[in-house]
Every structure is written in structure tokens, then in C-alpha cells.
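Participant: Order-wise, the sequence lines are chains U and E. Under full-length UniProt numbering, think of the first position of the first sequence as 1, with each following residue one higher. Under full-length UniProt numbering, think of the first position of the second sequence as 1, with each following residue one higher.
The hints are simulated quantities; they were obtained by calculation from the structure and are not laboratory data. Here a beta-carbon is modelled for each residue, glycine too, at the ideal position from N, C-alpha and C. Watch out, some of these pointers could steer you wrong.
Cβ-to-Cβ under 10 Å is the rule here; a few derived chain U residues that face chain E [unchecked claim]: (1) 10; (2) 16; (3) 25; (4) 97; (5) 272; (6) 273; (7) 285; (8) 296.
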Amino acid sequence: MLTMIKRWRALRKRGVMGINERNGDFVLKYNNRKFYPYVDDKIITKERAIAAGINVPEMYGVIETESDIKHLRKILKDKTEFVIKPAQGAGGDGIIVIGDKFDDYRYKTVSGRLITLDEIEYQISSTLTGLYSLGGARDRALIEYKVSSDPIFSSISYEGVPDIRVIVLMGYPIMAMLRLPTRQSGGKANLHQGAIGVGVDIETGKTLEGTWLNEIIQRHPDTNNHVSNVTLPNWEGFLELATSCYELSQLGYIGVDMVLDETKGPLVLEINARPGLNIQIANNAGLAARARKVEAHLAELKKAGKPAESIAERMAFSQQYFGDSMVESLEG
Amino acid sequence: MRSVNLHLKVLIFLLISLGLGSIAYERYVLQIPFTDREVENLWTIDAKITFDVPRESSVSTKFYIPASYNQYTKFSESLITDKQYGQVLEEDEVGNKVAHYSIRRTKGPETIYYRLALSPNFGGTEKPAETIGTTYRESIPMEGAAKVAADALVSDIRATSSNTLSFISEAIRRVNDIDNANVALLLKGDDSVKNRYAVAELLLSQAHIPVQRVNTLELKPSVDQPTQIWLRSYIETSNRDKDSNRNITTGKWYYFNLTDGSVGLPKNAIIWWVGDDPLVTVNNGLKPKVSFSVTDKELTAISLAQANNAESSDFLAYSLYSLPISIQYGYELMLMIPFGVLVILLVRNVIGIQTLGTFTPVLIALAFRETGLAFGIAFFTIITSVGLLVRSYLEHLKLQMLSRLSVVLTFVIIMIAVLSIFSYKMGFAQGLAIGLFPMVILTMTIERLSITWEERGAGNVLKISMGTLVASSLAYLLMEIPEFVYFVFTFPGVLLVLAGFMLMMGRYRGYRLTELKRFKAMLKEEK
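Here chain U stands alone, though its shape is the one from the complex (with noise of 0.2 Å):
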């Protein structure tokens, strides 16, 4: 009981956000519901995105209805490489990556298996029913660009696509992490499948320690190299992408999921107006310091009576502050 205590205290002495804080004092306050569908369904976030100049992957087609479901051949054509995703899933779920095509009938997954037309279109089916969906309802599927992952990520990353996310409070990101899929994760992003969350220091872009289920680590447990000190390329891209999101959003506590594609650069993945709390194991800092920190700034400008500050400004801020060498200073 002392122990736990203690451990209480240790934790808010860091800043530590516990799920009833995130949720009470973050999503509750910041978040505004009317504006979830902005970031709940990626076709809507994807259309907005595109409106206003924001990198997204491309989108091939929606199938909205279980008529819908014999456009598939027309809008695959002969693309070998595409994703198919609920627009309304969390998680990962529900989610096809298709990297080659086998035969006229056949496609490959990334993870190498087979799959037929006749399963793509059945995981179609139950994706509007609405099995992947929160709460059950009517989905629709989304099929898109495939993204592929630049090769500085193939040292420290389990076949999939690593992503990075970065949490973004009123504008100001404020915590970032690299997510990298595992053999556990089945190549998915995911913490809680079993991805490895390794953070990333918000000034450089450098990769700090990773943590693998709630535990500390230092090396991949696939690739077995270190998963620190590398450094993301186009970091500054990222964290332009990620703070524009939140005028994209309308929403004031996002966790922006972005990748690299080779080819393409930093793009916009999806929002999510609830994002997990491990990004602070990975870290080592926590969520709640650094908020606090940027809602000090933000009543200091109302206060002078300074306008809204712009994504430039917004982003140096948090440099400023949230490198790595400033946040000891943070804490305690």
C-alpha cells in the first residue's frame, strides 16, 4: 500500500498522464465531439487533408455498399500494391496490405500469404456490416496507396511500415514516438499487438529508448540492432505535418499518425482524437508536464492579448522546450 503511494507520487512528480487525466482534463476539454467525424472516418479526414494541401496517401476508391463490392475489380485494375482499410476502425484492425499480385485471382500479402479476390471481398463485406467499426455501425472501405517504408527504417523495423506519431495539444506537438512493427505485432504499428514504441526527441528527431509491452528495451527483438540515436529523416516535415493537423482537425488533443514513404515524403496516416498514454514509457517523460506546459503559453498570449500563433511559431516552440535537453527541466 506505502509502495503504492510512493509510486503515485513518483508519477505525478514526473507529469505522468494517467488515462482518467487524459480523458478528463485533455479529450474532454480540448476535443469538441461535433468535429470526431474529422478524424473517426479517413475517408473524411483524407478529403480534408487533400483540401487543404495536407500529404496523404492517395486514394484508389470507396466502397460504400454490398453493390458496391463488383466495382473492386475495376478500381484495383492492375495494381499490384494498394491497402484496403475500414474507414471507421481503430487499432489496425480490419486492415489488408496487399504488396504484389500473384495471378489474375491472386493477390500477395505483405506478410507473404496468398490471398483470393473472393477473401478480399468477403473481409469487404464484413468491413460494412460493420465489424470493424466502434460500436458496430455501418462502415465503409476505403482502398488506397499502399506506402512504402523508406529503407533507413529496414535496420530496425519487422517487415510493415514503422509510423510515427506525435501528439499534438492545441496546436503544439508536445510528445513524439516511433512505432515499429515486430514479428509479435504480425507487421502492424500497434503497442498493444506487440509493436515496439521507441521515442523520438521532438528538437532533432533523434530516437531515444523504445519500449516493447510496457518494458524498457534497447534493441529490436527481431533485428536485434538499436533502436536509438537514429535520426528521422525530414524530421521538420514531420512536425510541420503534424502541427498543420490540428487546424486540419478543429480538435485540440490529436496523436497524428504519420509515415515516410520512399517516395513521397512524411504523409498524414490518420488522427486520433483519443491516443494512448505509452508514448510517455517510450519517452521516459510524461504527457501531463509538457501539456501543462503549453497551456502555461497559451494563457500567458491571451493574457498580452497576442493572436493565435501560427505553425511556424507553434512548431518552434516546442522545439524550444521539448528537446531533450529541456526536459529535465520540465519535471519536478
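Using the hints provided, position chain E relative to the given structure of chain U.
Facilitator: Relative to chain U, chain E alone:
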């Protein structure tokens, strides 16, 4: 945000104080006990009136019955006879209630029972308006030796008393002092209570103090209890009113014990009638006699409160107890649901155990009410495992989700039926208790679990099922405590307190206990 905070605090304060207030009102004003284990005595007094009718004639009896019940309230009152007696009630000038029982034609020994049941006072605090007595009376004329003795006693009493109250006490004490020559002379060798009362009255009349004889019955289990004689007097006292600077006179009946002169009726004494008249008089009847027997019967306090207050208290008349019994059971269950929800709230938000959906665990807890806990858990485990097995088998057939789920549900129902038959054959009657309600809950649970399996995998299903079972068991155990169920049903105001607490929980920002474990790795680093 600040104004919202204030708003919330005010709301929480209002809800909690309203809830606590209503509980306090019920407890301390309506006197409703906190637990149904508090048993109270229901006193039943049977007055058996017997007399003999020598030859066939019409008979009318005049019988005093209590007009007030001291600290008690009337639970019921009835006349038990083997013949049809007409009855008329009237009130006499000193405030006595008189019952006239009459019959046109009868002969031989007659017995009439008057039964009065009294219970402790719930709800009703109203007291019957007291009659006002006189404060002066003419002296009873006396002569000779008796007069001398009385005068000597009165002047003696006057010397040792300061006011009417102490005068009466002192007079009674003297009358009980049989060694005193003057008293002995007045008692004339008869030292019965009745005669002592007569002598006391005589003495007090010399000082112009009016008194009345009070006949009481004691509430203690007894057979053939005689009535006791008390003396009462209406005494006025003057107080100076500070505002108007005038003397305010208030009067009150004082009751005196005839054996020792002490003041005040005990709690368990019931005034049956006031005055010197006999308790019962019978026209055309011989040897009238009344004997009292008193018994106490234990009743749960709430059933008394119920019966008492049906007409006397508006509050209880509009309480859940005014509903038909069968409907009450339904509400008993319903009122407990918020407490089940509270358990889920604590388990999820404070402890951090994952459960299947938000309210599914409460529904499962309700299903446990019909099956019992151990059997319910076994049932839940078996049925859901089989349901999930069927589901994973159907996975290979590539069916659409809806039809697949329908097949699963059908099999679940078959399973339930089979299990019921087996458990019945094995002697578990609970197997039959599976009603429609738990069936629906189970099938819903399997549907949700299979979707979770699809999305998150078998390990997650196991974790969530365990969490759900723990949460439902806790909720069930809380919802099943009989004292607690009674309390909530009797004091529904507790739900407002609960709502206030839930609102507070809505602002709970602390860690969940499981998060302390989850983030443990972040603290190791520091050491």
C-alpha cells in the same frame, strides 16, 4: 472551465445534502429504522369483559377504552364477540372514550373481547389535544375528629411544601405513612390504593386542589393484570414573557404515583380511563368483570411503520411501500442497479480492470440474481466458451457476420437448454432458474466477445472476460446484501448521494491502480 467547476460543486453539494436530508428526515422525523433487523414490540391488549344475564333481556354495556396511547400509536382495534353486538363510541366531558356495546336479546354468561394493538410511534408525532382541567374546587365538607385530623395534616403538608406540585406529592407521601395517627384515622383501617386515593383527594380538597383518579394499564406481558390507580391534577404555572412583559399562564396535567408521590407516568403506562366510575357497567347484567391480558409480539419495524403510516403520514403514503408488494420486488431490484453501476465505475476508472462494455457487467450481475453466484459463473464460463468455439469453427466457412452470429446465438440457446436438463438431473435446481433474461444477456455477451476476439484476439477476450466476471461478481455481491437492499429501498434518498458521488467520480483525474503497474518502468530509470 472555472464556472463549470463551481456549477458542478454546487450540483454535487445539492444532491448530497438533499439525499442526506431526506434520509435524516425519514430516520429522525418519521422514525423509520435503518435496518429491518430492528424488531419492535407490537403490544396486544385483550380486555375480556364478562357478565351474567340471569334472564333473557336486552343488554347494554358501557366500557371505557383508551382515548390516548401515551408514546404509542394504535395499530388496530377490534371487538371480538360470538354474538352481534351493536357498538357506539362517545366521548365524555373529561376526555374519556366510552364504548357502548348493546344487544337486543341474550341470556346466560356473556363474554366480549376488546382487543387493542399498540405499536411504537412511527411518523405520527401529533398528540391528541389534551383536555383542560380546573384549578379550583370546593372543599369536601368534613366534621369532628376527621376534620381535626385533616386540618392538622393539611397545615403540616403546607409547611413542608412550596407549590401545588410539591403539595400534592407531600400529601400522597403522608397518606402512605400509615403510622401517622391522623392518617390512620382517615383511612379507617382500609389501606387499599382506592381508599388511599380517596383520602388524598379529601386532603387536597381542603386545600382547594382538584384531582382526578387515573386508571392505567402497564404494557408488560401479563395475564389478568389489574389496572393501576394514579392521581392527576391540572397545574398552571406562570412565566414572565420577555417580549410583552406579561405573565403567561400555561397549564398541564401532572400525574402522581399513589404509592410514593413521584411525578410522571412511565412510558409503558396507558391511561385507560379517568375518573372514579367503574370500568364497565352493564344494564340487565350481573357480576360485570374485566380482566386484561397483555402480550408483545415481535414484528419487523418496517412492517409496523408501514401499517402505522398508511394513513397518518403523507410521506410514507407516497413512498415505495405504498406500491403493491409484487411491484415492490421489481423496484427493489431496480433501485440496486445504480450501485452495480457504481461498482463497474470504480472497477474501471479507479482500479483499471477492463470489462466488456460499460453496463454488460451489471446485466450479468442481474442474471446472477437468478442463478446464484457459483452456478452463474460456471454457467457463464461454459456457455461463452462453447459459444466462442462454435464461432471460431464457423470462421472457416466464411459466412457473413450477421448469419454467423445468428447461428452462434441459436447454439447458445441449445446449450442453455441442454445444461438446464443436465443440471436438473444432477440435482441443481438453479439450472431451471435460467429465465429469458439471463439468456438474452448471455447471447449479447457472446456476440460482443466474439467481436472482440475478431478485433483483438483470444488473449484479450480472456482478459476482458475475467475482468467482466470479477466486476459482475462484485456488483452482484453488493446488490445482494439484504440489509443494504432494505436501506436503499426504504431511504431512496441515498440514490441522490450516490449520484453526487458519481458526479465527483466524473472529475476523477487520478491514476488507475493498473496504471501504477503500467508506468512502473518509468520510475526504475531514476534509481
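Participant: Holds or violated: is there a CB of chain E closer than 10 Å to the CB of residue 25 of chain U?
Facilitator: 6 Å, holds
Participant: Can we keep the residue 296 of chain U interface hint, with Cβ of chain E closer than 10 Å?
Facilitator: 15 Å, violated
Participant: Hold the hint about residue 97 of chain U up to the distance rule: shortest CB distance to chain E must be less than 10 Å.
Facilitator: Violated, about 17 Å.
Participant: Hint validation: residue 273 of chain U versus chain E, beta carbon distance must be below 10 Å. Holds or violated?
Facilitator: Since chain E brings no Cβ nearer than about 18 Å to residue 273 of chain U, farther than 10 Å, the hint is violated.
Participant: Hint validation: residue 16 of chain U versus chain E, beta carbon distance must be below 10 Å. Holds or violated?
Facilitator: 5 Å, holds
Participant: Mind checking the CB of residue 285 of chain U against every CB in chain E and telling me if the closest is under 10 Å?
Facilitator: 8 Å, holds
Participant: Double-check residue 272 of chain U for me: the hint is only fine if its C-beta lies closer than 10 Å to a C-beta in chain E.
Facilitator: 16 Å, violated
Participant: Should the hint that residue 10 of chain U touches chain E count as held when the rule is a Cβ pair under 10 Å?
Facilitator: 5 Å, holds
Of the numbered hints stated above, those contradicted by the structure are hints 4, 5, 6, 8, listed in ascending order.
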